[in-house]
Amino acid sequence: AQKVTQAQTEISVVEKEDVTLDCVYETRDTTYYLFWYKQPPSGELVFLIRRNSFDEQNEISGRYSWNFQKSTSSFNFTITASQVVDSAVYFCALSEDDKLIFGTGTRLQVFP
Amino acid sequence: DTEVTQTPKHLVMGMTNKKSLKCEQHMGHRAMYWYKQKAKKPPELMFVYSYEKLSINESVPSRFSPECPNSSLLNLHLHALQPEDSALYLCASSQDTRLVNTEAFFGQGTRLTVV
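Chains as they are written, first to last, in the working numbering: chain U, 1 to 112; chain A, 1 to 115.
Just so you know, the hints here were simulated from the structure itself, not pulled from any lab data. These numbers come from a predicted model, not from an experiment. Check the hints yourself; a few may be wrong.
Reference listing, derived: stretches of chain A covered by chain U, where coverage requires no fewer than 3 residues with Cβ under 8 Å from a Cβ of chain U [to be verified]:
id, segment
1, 45–58
2, 68–78
3, 88–98
Pairs of lysine-lysine residues, derived as DSSO-like cross-links and limited to a Cα-Cα distance of at most 30 Å, are as follows [stated by the list, open to error]:
id, chain 1, residue 1, chain 2, residue 2
4, U, K38, A, K22
5, U, K99, A, K9
6, A, K18, U, K99
7, A, K22, A, K38
8, U, K38, A, K19
9, U, K38, A, K40
10, A, K38, U, K3
11, U, K70, A, K40
For glycine and all other residues, C-beta sits at the position ideal for the given N, C-alpha and C.
Build the full structure now, drawing on both the sequences and the hints.
Right under this line is the structure:
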């Protein structure tokens, strides 16, 4: 069965620190997609990235970067020079046909 | 316009009430979803509509009744709910239902409290 594990329940950092959010997944599919979503206190899930299983290149978007390693079934997310506005719950998710299988989320608190 | 709009933002209802949640998108997406999210938990899929037809019902109790009047609108009709149904209800849409091909965009949700 598909499964996504985010072992870090909550992380607290001080502004400008770098922080990495871990995501480990299980799937028997050879073709799959991984996602990261951000959920600020307002409630909306904000799409951050979609990565397919054949593309193991790391991706960088501004202060955000993602490290996909198929060998360890991990898709980790790093925020460089964190800011207070980064405070949110971050969900990693795995596609299964028409469904998104979400991890339990990591609550990130960035203090000034 | 990359918005999914949900109304109302907050709703308090009694266990004998009938209410509806509304969701609208104008991105031309052909798949729409309802998710339920309890506090400190991940979203859980409830229903999927594909081309205005119900394609997935995740064994949701009949007190929740979805409706897709057209390709831009998705409703969730609520009747005889229980206090444990209190949650954030999120609507989402995507270009098609194959999430390997596209990402889903979510609304801000309706925070429902059943008293």
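Comparing the hints with the structure gives:
1. For the segment 45–58 of chain A, the stated coverage by chain U holds: 5 residues have a C-beta nearer than 8 Å to a C-beta of that chain, and at least 3 were required.
2. Only residues whose C-beta sits within less than 8 Å of a C-beta in chain U count toward coverage, and the segment 68–78 of chain A has 0 of them, not enough to reach three; the restraint is violated.
3. Here's how the segment 88–98 of chain A fares: 5 of its residues keep a CB closer than 8 Å to some CB of chain U, so the rule of at least three is met and the hint holds.
4. Straight-line distance between C-alpha atoms of K38 (chain U) and K22 (chain A) comes to about 23 Å, which keeps the hinted pair within the 30 Å bound.
5. Using a Cα cut-off of 30 Å, the hinted pair K99 (chain U) and K9 (chain A) holds, with the two alpha carbons roughly 25 Å apart.
6. The hinted pair formed by K18 (chain A) and K99 (chain U) meets the criterion: a straight-line CA distance of about 29 Å does not exceed 30 Å.
7. Under the criterion of a C-alpha separation no larger than 30 Å, the hint pairing K22 (chain A) with K38 (chain A) is consistent with the structure, at around 19 Å.
8. Between K38 (chain U) and K19 (chain A), the direct Cα distance comes to roughly 29 Å. Compliance with the 30 Å bound is thereby established for this hinted pair.
9. In summary, the hint linking K38 (chain U) to K40 (chain A) is supported, as the alpha carbons are separated by about 14 Å, within the 30 Å threshold.
10. Between K38 (chain A) and K3 (chain U) the alpha-carbon distance is near 19 Å, which keeps this suggested pair within the 30 Å criterion.
11. For the hint linking K70 (chain U) to K40 (chain A), the alpha-carbon distance of about 28 Å falls within 30 Å, and the restraint holds.
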